[in-house]
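Engineer: Start counting the sequence shown at 1; every next residue gets the next number (the UniProt record's numbering).
Please note that the accuracy of each hint is not assured.
Stated by the list, open to error - Below, a list of computed lysine to aspartate or glutamate pairs in the DMTMM-like style, where the Cα atoms sit at most 25 Å apart: (1) 157 / 124; (2) 131 / 22; (3) 157 / 77; (4) 16 / 73; (5) 127 / 106; (6) 157 / 178; (7) 127 / 58; (8) 16 / 185; (9) 157 / 25; (10) 157 / 111; (11) 186 / 171; (12) 126 / 32; (13) 127 / 25; (14) 75 / 185.
For the record, the hints were derived by calculation from the structure and aren't laboratory data.
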Amino acid sequence: MAGYFAYSMLGNHTGKLPVVMDSPDFTLQGLDGNPFTYSANNTGNVHIIEFMFTQCPDICPATTYNLVQIQEELKKEALFGSKVNFLAISFDPANDTPQVLRKYADRLGMDMSGWSILTGKEEDTKKLAEKFGISITKMPDGTFVHTATSLLLIDDKQRVRKVYRMGNDMDNELILNDIRTLINEKGA
Numbered sequence: 001m002a003g004y005f006a007y008s009m010l011g012n013h014t015g016k017l018p019v020v021m022d023s024p025d026f027t028l029q030g031l032d033g034n035p036f037t038y039s040a041n042n043t044g045n046v047h048i049i050e051f052m053f054t055q056c057p058d059i060c061p062a063t064t065y066n067l068v069q070i071q072e073e074l075k076k077e078a079l080f081g082s083k084v085n086f087l088a089i090s091f092d093p094a095n096d097t098p099q100v101l102r103k104y105a106d107r108l109g110m111d112m113s114g115w116s117i118l119t120g121k122e123e124d125t126k127k128l129a130e131k132f133g134i135s136i137t138k139m140p141d142g143t144f145v146h147t148a149t150s151l152l153l154i155d156d157k158q159r160v161r162k163v164y165r166m167g168n169d170m171d172n173e174l175i176l177n178d179i180r181t182l183i184n185e186k187g188a
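Full structure from sequences and hints, please.
Structural biologist: Structure, rendered in structure tokens:
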């Protein structure tokens, strides 16, 4: 994974995104209380997966805000919800109840026609994050710190193709271009 980060910092001049790793399959709980299994809900779309928690003071809401901006651009191209879906995975089930997550989604403008907000037991979401190479640590005060690269681009074959920095370090135009690259790759 470290080699990938060095590679991505130098830039990709081939026009094709490398395969970082296969995405692990997982089952978490949707806001409706029903199980959400990634492979069963993967309709061959491109996905962005964000690991987050609603009580995060800075990086998580900034990331979601940026993703909503990307969502709006994808909607203009009729791609959001039809060819591209976003998944927000909360790792703080004690605070992130379905009601709290719905309010968060409403407040930030998440269009639920293309978003799935998922949660699960704290240890399950932490183990899932680790499978993606993301570290989550619960602090003594009950808050969390996590890897700043907790935003993943997944292709239609459930392969991680890019890992991004979150929050104010996001490059929305780069992410949009990478999404378009994967959509075009799929059509090729």
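Engineer: Against each hint, give a clear statement of whether it holds in the structure.
Structural biologist: Taking the hints in turn, this is what the structure says about them:
{"no.": "1", "hint": "157 / 124", "in the structure": "holds (23 Å)"}
{"no.": "2", "hint": "131 / 22", "in the structure": "holds (10 Å)"}
{"no.": "3", "hint": "157 / 77", "in the structure": "holds (22 Å)"}
{"no.": "4", "hint": "16 / 73", "in the structure": "holds (22 Å)"}
{"no.": "5", "hint": "127 / 106", "in the structure": "violated (28 Å)"}
{"no.": "6", "hint": "157 / 178", "in the structure": "holds (15 Å)"}
{"no.": "7", "hint": "127 / 58", "in the structure": "holds (23 Å)"}
{"no.": "8", "hint": "16 / 185", "in the structure": "holds (8 Å)"}
{"no.": "9", "hint": "157 / 25", "in the structure": "holds (12 Å)"}
{"no.": "10", "hint": "157 / 111", "in the structure": "holds (24 Å)"}
{"no.": "11", "hint": "186 / 171", "in the structure": "holds (23 Å)"}
{"no.": "12", "hint": "126 / 32", "in the structure": "holds (21 Å)"}
{"no.": "13", "hint": "127 / 25", "in the structure": "holds (12 Å)"}
{"no.": "14", "hint": "75 / 185", "in the structure": "holds (20 Å)"}
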